[in-house]
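Trainee: So you can see what is in the structure, the chains are spelled out below.
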Amino acid sequence: MSAAAPKKDGLYDCRDSFAATIEALAEADSRIVTVVSDSVGSSKLGGFRNKFPDRMVNVGIAEQTLVAVGAGLANGGKVPFVSAASCFITGRALEQVKADIAYSNVNVKLIGQSSGVAYGELGPTHHSIEDLAWLRLFNNLKLIVPADPWQTAEAIKAAAAYDGPVFVRVSRMAVPALERPEGAKFEIGVAETLLEGTDVTIIANGTMVHRAIAAARTLAAEGVSARVVNMATVNPLDEAVIAAAAETGAIVTVEEHSVRGGLGGAVAEVVISTNPVPMRILGFPGFVPTGSAEWLFDNFGLNEPGIADAVRQTIARKK
Amino acid sequence: MPSPATPLQNDLTGEIAAQALWIRRRSFQMVYEAQQGHPGGDFSAADILATLYFGVMRYDAKKPRDPGRDRFVMSKGHCTGAFYAVLARAGYFPEADLSTYMEPLSKLNGHPNRNYLPGVETNTGPLGHGLPVATGIAIAGQLDKADFRTFVLTGDGELQEGSNWESALTAAHRKLENLTLIVDRNRLQQGARTEDTASLDPLDDKWRAFGWHVETVDGHDHAQLFDVLSASPKGRGKPLCVIANTFKGKGVSFMHDNVSWHHGVPSKEQYELAMQELV
Ligand SMILES: Cc1ncc(C[n+]2csc(CCOP(=O)(O)OP(=O)(O)O)c2C)c(N)n1
Ligand SMILES: [Mg+2]
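Here the protein sequences line up with chains Y and A, keeping their order.
Here this note's numbering is used: the first residue of the first sequence is 1, the next is one more, and so on.
Here this note's numbering is used: the first residue of the second sequence is 1001, the next is one more, and so on.
One or more of the hints may lead you astray.
[Stated by the list, open to error] Computed list of lysine-lysine pairs in BS3-like fashion (alpha-carbon distance at most 30 angstroms, straight line):
hint	chain 1	residue 1	chain 2	residue 2
1	Y	Lys-78	Y	Lys-185
2	Y	Lys-98	Y	Lys-7
3	A	Lys-1234	A	Lys-1063
4	Y	Lys-7	A	Lys-1268
5	A	Lys-1268	Y	Lys-8
6	A	Lys-1238	A	Lys-1206
Derived from the structure by calculation, the hints contain no laboratory data.
In this text, all values refer to a predicted model and were calculated from it rather than measured experimentally.
Could you build the full structure based on these sequences and the hints that come with them?
Mentor: This is the structure in structure tokens:
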């Protein structure tokens, strides 16, 4: 049950990894069911439906019911993977996520599909750049933002193995498979350092990790040693890795999310109360204008030159 | 004996039909050029939109915030192809703007934004928001004893959202006869038929049980649509639900009643074939 095949040019749609992994897990564990809200195609769950037609519950376009039905299924001994567009499974059903899933502390896996600005031109109603800020408030809800197909598969496996509420944010944006040392493992709450560096630390997750690595390589050519951390778990945070990042004297966070309350906010909360160092939070300022996802990334500096620039400016603020 | 209005209405339905055809053609061109959009639902709604804007509603496109205007809320906000086409045709903004559909920085976002475009009453896109907002607009009209009407168009799959039924209770409770809901009953949602997903039938009975006056029409018949939508609601004491039986992709043979055209986009060949049929 490794990652699914690349789409094109060596780039992957992480939803394919989600789909392949959940099908394999369901093969081995009959408690696993999926719950959708007219979101079979957008969740890439057509294959699951064909293999396990009785183990998919489609509630129709009704996200509040979607999430609450998941809670009920868990009560009945199932392990539900509840999947819909990230904007709707979070924003529309926020109180169900809070009361029925997190506060009730039930064994439900929420899958936020096509998160961030993947829906591009469909606009801010369909973007999900607030989801992490909202969900981060529920202290016991694990939040995972995988960066590539391997990590998506590993996050889904880890979510299934963990007994409690988990949210996994799955992107539809084309991403490369990241290079990792042999035997790399994924563990909820443990960040991975993908590049070592001593002058500054770039902390990224999701679709921004490969861009952060590209920026670090550009900076290396200028003699700047940038560490790159993939902080896939936003709750709980890997505080040891953040403490080590502060030791480099400057931190830049990068996320496909609002600059308010997401990964950057979470890291800043730790940094400010332990070892304050100059920090910069990269993301979207709020509702964005019409444009494709790639256009939005470029326009808001969420690309290799934009990240590199932010790093240079942040290093300049070091005391 | 034919009423004196009959010849006028014949001209009117001719005019509405011509506008509906224009909406289908122009919206399909927009979707083709943007290679994005929801053409199936544009086509199922085209006749309803043309009837509202070119037969039923009172508005002055040059005064889009006129307090006395009839309101239209496009709850199925994904169908911006048809919605923007009808707004431009009605004079809210230049038809030339339609060719910026979904381009970077365009006012013509994939979902309508009232801060970008005149004629948009509220931002939609997430389903199940239009009827609650329209209910609020209608309550404001009721409080002011104003005589504008409020129309809202929803999809049918959209009615699976509970928010619709919450506002259905409120609207009936407050006897909002100034409120008209039109359901684009094309029997298809995003991935499948409504009746194979979370069934809605018998839909008319549901609305009646919620205290609404219900009319069922052929949603592609301009005369039928015009009659039920233009009849005065005064004195009825109930909100009106018009169930408009439609087909997703209506007007193009290979798109007709075909769920893959929910957000399918045409190739060059398909576009040209469709344009040959849309005459
Ligand atoms: C709250 C919410 N959930 C999901 C979606 C995604 N979505 C967009 S259109 C659509 C299907 C709508 O079907 P229907 O209401 O029947 O519209 P129509 O057939 O007229 O296009 C879905 C599920 C959405 N826009 N909003
Ligand atoms: Mg429909």
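Trainee: Each hint needs a verdict: does it hold in this structure or not?
Mentor: Outcome of the hint check:
no.: 1; hint: Y:Lys-78 x Y:Lys-185; in the structure: holds (27 angstroms)
no.: 2; hint: Y:Lys-98 x Y:Lys-7; in the structure: violated (36 angstroms)
no.: 3; hint: A:Lys-1234 x A:Lys-1063; in the structure: holds (26 angstroms)
no.: 4; hint: Y:Lys-7 x A:Lys-1268; in the structure: holds (24 angstroms)
no.: 5; hint: A:Lys-1268 x Y:Lys-8; in the structure: holds (23 angstroms)
no.: 6; hint: A:Lys-1238 x A:Lys-1206; in the structure: holds (15 angstroms)
Of the hints listed earlier, the one the structure fails to meet is number 2.
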